[in-house]
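Put together the whole structure using the sequences plus the hints.
Number of protein chains: 2
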Amino acid sequence: MISTSNPISNTKVTVAYGDGIGPEIMDATLRILDAAGAKIEPEVIEIGEKVYKSGSKAGIQPSDWESLRRNKVFLKAPITTPQGGGYKSLNVTARTTLGLFANVRPCMAYSPYVETKHPLLDLVIIRENEEDLYTGIEHRQTNQMTQCLKLISRPGCEKIIRYAFEYARAYNRRKVTCLSKDNIMKMTDGLFHRVFDEIAAEYPDIEKEHWIIDIGSALLADEPERFGVIVTLNLYGDIISDIAAQIAGSVGMGGSANVGDQCAMFEAIHGSAPDIAGRGIANPSGLLNGAIMMLVHIGQGEVAAQVHNAWLKTIEDGIHTGDVYQEGVSKERVGTKGFADAVIARLGQTPEHFKTISYAAAPKPIHISSASQTPQKKELVGVDIFLDWNEGTARQLGDAISALSDSPLELKMITNRGVKVYPDGVPETFCTDHWRCRFKGKAGLDGALDKTTIWKQLALLNEKGFDTIKTENLYTFDGEVGYSLMQGE
Amino acid sequence: MISTSNPISNTKVTVAYGDGIGPEIMDATLRILDAAGAKIEPEVIEIGEKVYKSGSKAGIQPSDWESLRRNKVFLKAPITTPQGGGYKSLNVTARTTLGLFANVRPCMAYSPYVETKHPLLDLVIIRENEEDLYTGIEHRQTNQMTQCLKLISRPGCEKIIRYAFEYARAYNRRKVTCLSKDNIMKMTDGLFHRVFDEIAAEYPDIEKEHWIIDIGSALLADEPERFGVIVTLNLYGDIISDIAAQIAGSVGMGGSANVGDQCAMFEAIHGSAPDIAGRGIANPSGLLNGAIMMLVHIGQGEVAAQVHNAWLKTIEDGIHTGDVYQEGVSKERVGTKGFADAVIARLGQTPEHFKTISYAAAPKPIHISSASQTPQKKELVGVDIFLDWNEGTARQLGDAISALSDSPLELKMITNRGVKVYPDGVPETFCTDHWRCRFKGKAGLDGALDKTTIWKQLALLNEKGFDTIKTENLYTFDGEVGYSLMQGE
Chain A
1 MISTSNPISN TKVTVAYGDG IGPEIMDATL RILDAAGAKI EPEVIEIGEK
51 VYKSGSKAGI QPSDWESLRR NKVFLKAPIT TPQGGGYKSL NVTARTTLGL
101 FANVRPCMAY SPYVETKHPL LDLVIIRENE EDLYTGIEHR QTNQMTQCLK
151 LISRPGCEKI IRYAFEYARA YNRRKVTCLS KDNIMKMTDG LFHRVFDEIA
201 AEYPDIEKEH WIIDIGSALL ADEPERFGVI VTLNLYGDII SDIAAQIAGS
251 VGMGGSANVG DQCAMFEAIH GSAPDIAGRG IANPSGLLNG AIMMLVHIGQ
301 GEVAAQVHNA WLKTIEDGIH TGDVYQEGVS KERVGTKGFA DAVIARLGQT
351 PEHFKTISYA AAPKPIHISS ASQTPQKKEL VGVDIFLDWN EGTARQLGDA
401 ISALSDSPLE LKMITNRGVK VYPDGVPETF CTDHWRCRFK GKAGLDGALD
451 KTTIWKQLAL LNEKGFDTIK TENLYTFDGE VGYSLMQGE
Chain B
1 MISTSNPISN TKVTVAYGDG IGPEIMDATL RILDAAGAKI EPEVIEIGEK
51 VYKSGSKAGI QPSDWESLRR NKVFLKAPIT TPQGGGYKSL NVTARTTLGL
101 FANVRPCMAY SPYVETKHPL LDLVIIRENE EDLYTGIEHR QTNQMTQCLK
151 LISRPGCEKI IRYAFEYARA YNRRKVTCLS KDNIMKMTDG LFHRVFDEIA
201 AEYPDIEKEH WIIDIGSALL ADEPERFGVI VTLNLYGDII SDIAAQIAGS
251 VGMGGSANVG DQCAMFEAIH GSAPDIAGRG IANPSGLLNG AIMMLVHIGQ
301 GEVAAQVHNA WLKTIEDGIH TGDVYQEGVS KERVGTKGFA DAVIARLGQT
351 PEHFKTISYA AAPKPIHISS ASQTPQKKEL VGVDIFLDWN EGTARQLGDA
401 ISALSDSPLE LKMITNRGVK VYPDGVPETF CTDHWRCRFK GKAGLDGALD
451 KTTIWKQLAL LNEKGFDTIK TENLYTFDGE VGYSLMQGE
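Which chain is which? The protein sequence lines are A and B, in order.
Quick note on UniProt numbering: the first sequence kicks off at 1 and runs consecutively.
Quick note on UniProt numbering: the second sequence kicks off at 1 and runs consecutively.
You can't tell identical chains apart in this list, so a pair holds if it fits in one copy or across any two.
As a list, the in silico PhoX-like pairs of lysine-lysine whose alpha-carbon atoms are at most 25 Å apart:
| no. | residue 1 | residue 2 |
| --- | --- | --- |
| 1 | K72 | K88 |
| 2 | K456 | K440 |
| 3 | K378 | K456 |
| 4 | K464 | K442 |
| 5 | K451 | K440 |
| 6 | K186 | K88 |
| 7 | K57 | K186 |
| 8 | K440 | K412 |
| 9 | K464 | K451 |
| 10 | K412 | K57 |
| 11 | K186 | K378 |
| 12 | K72 | K12 |
| 13 | K377 | K442 |
| 14 | K464 | K377 |
| 15 | K39 | K72 |
| 16 | K50 | K72 |
| 17 | K117 | K331 |
| 18 | K440 | K378 |
| 19 | K440 | K88 |
| 20 | K88 | K412 |
| 21 | K464 | K378 |
For the record, the hints were derived by calculation from the structure and aren't laboratory data.
Remember, it's a predicted structure, so these values are computed and weren't measured experimentally.
Spelled out as structure tokens, the structure:
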């Protein structure tokens, strides 16, 4: 369906038609790209519900997975992930396995053609895509407590933050805003903020700012026009992406890119909308906007701009699908096919109300090189040993452990849910069956600990009837403490 | 300053004047309470900047801490926590140490008197206050990776969710909405959602719903009028509380309660605003709204309603401090003292535009009893051992560990940042120096593992040059898996 008159210069693109409204909007999108002269050669794979139900927990066959790895560019319509049954989100798998570390979500208000309380909203959210609580590492080790690990790495922070600044430069954005919660999570979110400050210093032409995520989200919800590029961690990015799309009124219009060092995936931000599937009324704009980002990524910025401008003109001209149709504002209600025809008819035209788009400054994908890090000297100085214990008060527990003779390490403190309860706790503190005991080397024993003392401590505790459930070693790095301190420590 | 004409029935309340605008707004608040006939006896303590700088890292002297524990009711003006220097947030300490598990934040639009895009906003956020990522347990164990623990307990979930339903009943709210991210965090957020469903079943008179936090936040930002009571985890609650207050236009007007089984703390949601301190222009409404919640809590609902109605009448009458003053809407610009005088002058009056408040149905504090839990049978079935390793590919690591003879346990899989990289990884996956190795009992060995096999495995790995940094035991509970499964497991 895409022109193959000049096959040599065509870029192979893996294409999936997906579920629900997917096939309709993909047809419309590819038809527009074809008419605009996009030099792409689609390689169609099947993903989604049918594949899940045929027994693939991942929703994709191995041979189709190879297509992604080979072509490195993926245009993906929405899919339906069946509920329950241990099916894995294909999006999550693709992002993490293919190293698509950056989720890029432009978000814009199209007022007055699309209703919104925030007509000046025009921002891009760059969300870290691989780390944070989304690594999915959870454990239950006592009757009462469940735990999830939040993982934040320095290279992960560096890649996403550098990407944000490079993006700002390529797309003429003047400001990058960082959102984190580093007043509470001083090590993990603190690392993100610190790396942001380091990298921002390399981009003196771009304004930088940082907000605590709660205040930042509130400002975004109330005054989104104050933001340009926002870079943030995975969970926060998930939340604010939805806020921005919703208040822009453009959930049905947004496209999204997931970009890695080698591969990239482009899609609509909305789902497969099975309730309106097959009726020919779906708005193809979201996927089309994803495809426009794809064209820029593969170096076809001119075609991308042509499609984008024709699409803007169509919106301006009031040719609207039902989801954004407004009596008195819209001129003509069209279906999926009619909308695509209208965009095609306007190829070569530029918008009058909206600004004309040019991708001349951003013709290529943004490549980020990972800085190699000088390793710091790591020294073992103690261990947090976690217990499952439900037989008394914090003081009883602390006194019993402190009284153990032959203890290779010294008990410094106990916390329950992070609150210091021994020594010097108060009875008002609510305690669960999940206790953290911090052990360090005995006074007088200087220098790094030997790891065998930890196993001896574990063996002793268990021998005395304490149920050890997990350990976290305590380290210093070039002498700097690598663990959060407790009250009074 | 508060009437002591009938000292026997007065309730002792610990009061702190705080920093910045704190003393002015506390004066105004107590003057209004006095005029309304509140039966309270303030016991004044000093907290905040001066106390921090005198050397108390906690910002409160031990004797003043005893006042809180004795009186169990705390009316607190905003304080300034000095930056840096290891000072602990007094709020966080008070919440966790005194077991103030529920943060209660009513949020309302006062349109047209206070400008907002959401005139129908009228909701209450009930935020879990003790758990989640705010337990502050962070570790760095490799050069690249930092980690924070997210802790969610069943009793923690039960208390806050039961509180939310009891609150809804006491304050005539018809719907409780739960927000979580249980599609990603199936164990931690999954527990919260599951407990919500369990407890909701005990309140058939109250409508219940659940939204994934990203969609829920987007709806809150766009259509807040659809919510009544929202109950959610600590981090999400932090974010949406700020969103709701901001879009209501009422950051300067909101009060907040932190409530536990025994103690409770009442305050304004805003900070100490040092830039306008001492000028007599601060809006005392936030602290006053906190004090109204306190009066209800100590059983003085009639006085609370009287103050609340007089305050609403003052707002309606256009008597406004500078922060909410609007030309053409406001009638008179007043300072802190003038505003308090206006409220006092209206005691006994009821609002005309706003609904008259009555606390007749909620005369007492809400008490929650913790349900005792039948413990499930826990069985050790394996261990996740985390390594600091930077010497090659995932396959090299996996093959080396698999080849260890005398290994007491069997290597099942390796993940890096949650992505399965061994066996059957792909080279596109970006790997850090932080590896999780999942070990289980060897085939043929049935039943629960002995913990000593874990220490033997640790000893073997270290002997062979692998740097073990943390462990997470794997358990089943009544046969149900107590850890997240990896792809293909």
